Amino acid sequence: MDFSLTEEQVMVRNMAWQFATNSIEPTATGDDNAEHFPQEIIGEMAPLGLLGSIVPQEYGGSGLDYISHAIIIEGIARASLSIALSVFGSHSVVEEMLMTWGSDQQKQRYLPLMCKGELFSCCALNEPGVGTDVGNFGSWAELSQGWWVINGEKVFVVNGGVSTLILAVTKVSKNGGERGLGAFLITRDVAGFSSQDTVTKNGLRACNIANVYFRGCRVPQENLLGSIENGNKIVESLLHGINFSIAASCVGVAQACIDASIKYAEERQAFGRTIGKFDMIQEMIADMTIGTEAARLLTYQVADLKTRKQPFSKQLAMARYLASDVAIRAATDAILVHGAYGFGKDLPLERYFRDVAEAIEDGGSPLIHKLTVARHALGIS
Amino acid sequence: MVILQFDEEVANLFFELTEEQKEIKQRARDYAEKRISVVQEEDYDKGVFRPEIVKEMGELGFFAGVVPEEYGGNNVGFLGTVLCVEELGRVSASYCMLPTSQTVGPGLTILRHGTEEQKDKYVRGLVSGDIIGCFSSTEPDAGSDVAAMKMVAVEKGDRFILNGTKTWATGGSVADMGLFWVYTDKEKGTRGISCFIVDLKDSPGISTHLIEELGLHCCRASEVAFQDVEISKDCLLGNKGEGYGILMETLGESRLCASTRALGLGHACLDDCINFVKERKQAGQKIGNLQLVEARIAEMYIEHEAARMLIYQVAANKDRGIGDPLDVPTAKYVACEAAVKAAETAMEIFGSFSFPLNMALRRYMNDSRCFPITEGTRNILKLIISRTLLR
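Going down the list, the sequences are from chains W and V.
Residues in the first sequence are numbered consecutively from 1, following our numbering.
Residues in the second sequence are numbered consecutively from 1, following our numbering.
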């Protein structure tokens, strides 16, 4: 078992951290305040290969492994969880879905444009009131004269208001009977499509989150991703993609909390010394560090399994649960290390906290991930 | 071997409520649900504080529990006051700070240490809400370490000249008066700290600015800067050099209310979660039937009840004149940690049903992060407790 990063992974880490520090960090707090989605930063990510890190080179991507992907997500999330979730929790997940389930024609048609940033995308899964409970979805697609006709509503779609390509999962019906689930590639310009941005969010304020509506949208048959028989598996892999990016993002924010806490503990004076000299402050920094490192290693383990195409759902549930728990804890403790300043908006700690609290609600409650771990452990399907 | 001795009187736990206490609890609940919840919904994201709420609460007697009748008191005591703060806190972690910034902080401190003139000038107004109060010992570079403060008051004839900056004063920008702790003799360390009553509206040289915060958006903290502010000698509260002792007393009581604010927020989380899991279905069954959800609800209740008992005990004992250096820090620690956790549990239970976070959840999450910081951080409380035990 070798825990060292490859030369390529080290290069990727340096590049992502540098980009995050120079190009994201300076405007992250301002974008949060203004609730502004920084489209221009997404554009700058394309030439660096950050919009297609896991896409094979033949389709215009960087062809990196999943550990590199996790490292990139972490690096970006350290500066902005909003951008990390937008790019890696939605756009990259669509790329991954195309790579896993797409036809050659679909891959050739979409992936190169997605890597270049010319086609920005999103996954539309959640429905009002039922979330990801696919059995109770109210949206549906029906074949009519050689076209899929799609009707329904998806909520809280990350990038929903700013993407050109929408991957939507709906129920499929035929002659009134239900036939399972279908995943459809829909472009924004299709008649009957509309979206409504969510405003005054608490966290992820620099991320575009929108409700999207399909009213009789006609989609060519070749835009069905994979097959209807595999509908449930596609949903599962979609949730896996989202949760993997959330786990890696949480590790990144937790690291940002550690970095800020160490810096402050070395500067702030109280009772005649820097507060970093106090055991109780040290304990908080130790707890953050232990948790973050454990969550990071679990996430890399998932990444390794993904790269080697091995089953990973138990490991992902563990990583996702621990990473979100660690990140909330680290953000809370980082606020505490900074005292009242941590509660104020002059420092980014409160933004880290709001962003984490928002992000971990995406992709299922921590309770679900815990139960997934238990069901794997107990062998319950 | 050291064996903890429990004072029998302290351990005598009866919280039988008087009719007045029951009434003020109900009054606070009604007012919070009918009035505060409505304005808070409208104001929270905009960070608006409504000064008229102070007057309304004053009229309802929410600041009158801890003062004698001659100053407008209503005899509900600390127990009645915490019941009231708990009910207000169930709806708003912002507005439930007012009983502290009015009477539990400034009003009571002036009653204890003030001259007849000082009591006459301020206490009735703080009780009725005609005067808005605030207090602060904190400075940009001096929080838990009070002695690190830099602000000074220099004696000049029959005046004091104040220079320095106090910060995180709840209500500082709207307050008419405030208590501020400053050095009159820096050489003497904590024995050189004095407490002053400052009229904020008609003292030239004072400027305030609102602090942007994570939560508590309806009752905002301010920085209060003093530049050559001249005040009369009559503004000194108690004697010179007594400030530190006065502050510790004030904090003892404001800390009790801080724990009660956390209790109120925990109560709200519990209420919301119970209502939610009884209604919400996932994959065909009510989520309240899921054992893990049941476990979380039970844990929230257990921790909430433990905090409640501790707080009521401290309050009831205070009303009987019984004090203990461990009781307030213990109650505050338990209540604040319970509230922080309750907010997170509420998030877990609402899961992705609340993405993006709804208004109540965002308030619980954001507001609760102040509890382990304000009025004695988590670490300071632990130090007080262990140092008392190890003394």
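FYI, nobody ran anything at the bench for these hints, they're computed from the structure.
Mixed in with the good hints, there may be bad ones.
As the list claims (entries may be wrong) - Have a look at the derived ranges for each label pair, beta carbon to beta carbon:
hint : chain 1 : residue 1 : chain 2 : residue 2 : range
1    : W       : Arg218    : V       : Ala283    : 45 to 51 angstroms
2    : W       : Phe278    : V       : Arg320    : 48 to 54 angstroms
3    : V       : Met248    : W       : Thr6      : 56 to 62 angstroms
4    : V       : Ala283    : W       : His376    : 15 to 21 angstroms
5    : V       : Glu294    : W       : Gly177    : 36 to 42 angstroms
6    : V       : Lys156    : W       : Glu267    : 18 to 24 angstroms
7    : V       : His209    : W       : Gly272    : 25 to 31 angstroms
8    : W       : Lys233    : V       : His209    : 27 to 33 angstroms
9    : V       : Asp234    : W       : Phe278    : 36 to 42 angstroms
The structure presented is a predicted model; accordingly, all values stated were derived computationally and were not measured.
C-beta: ideal position from N, C-alpha, C; glycine also.
The hints, checked one at a time:
no.: 1; hint: W:Arg218 - V:Ala283: 45 to 51 angstroms; verdict: violated (32 angstroms)
no.: 2; hint: W:Phe278 - V:Arg320: 48 to 54 angstroms; verdict: violated (37 angstroms)
no.: 3; hint: V:Met248 - W:Thr6: 56 to 62 angstroms; verdict: holds (58 angstroms)
no.: 4; hint: V:Ala283 - W:His376: 15 to 21 angstroms; verdict: holds (18 angstroms)
no.: 5; hint: V:Glu294 - W:Gly177: 36 to 42 angstroms; verdict: holds (38 angstroms)
no.: 6; hint: V:Lys156 - W:Glu267: 18 to 24 angstroms; verdict: violated (36 angstroms)
no.: 7; hint: V:His209 - W:Gly272: 25 to 31 angstroms; verdict: holds (30 angstroms)
no.: 8; hint: W:Lys233 - V:His209: 27 to 33 angstroms; verdict: violated (57 angstroms)
no.: 9; hint: V:Asp234 - W:Phe278: 36 to 42 angstroms; verdict: holds (41 angstroms)
Violated hints for the displayed structure, listed by number in ascending order: 1, 2, 6 and 8.
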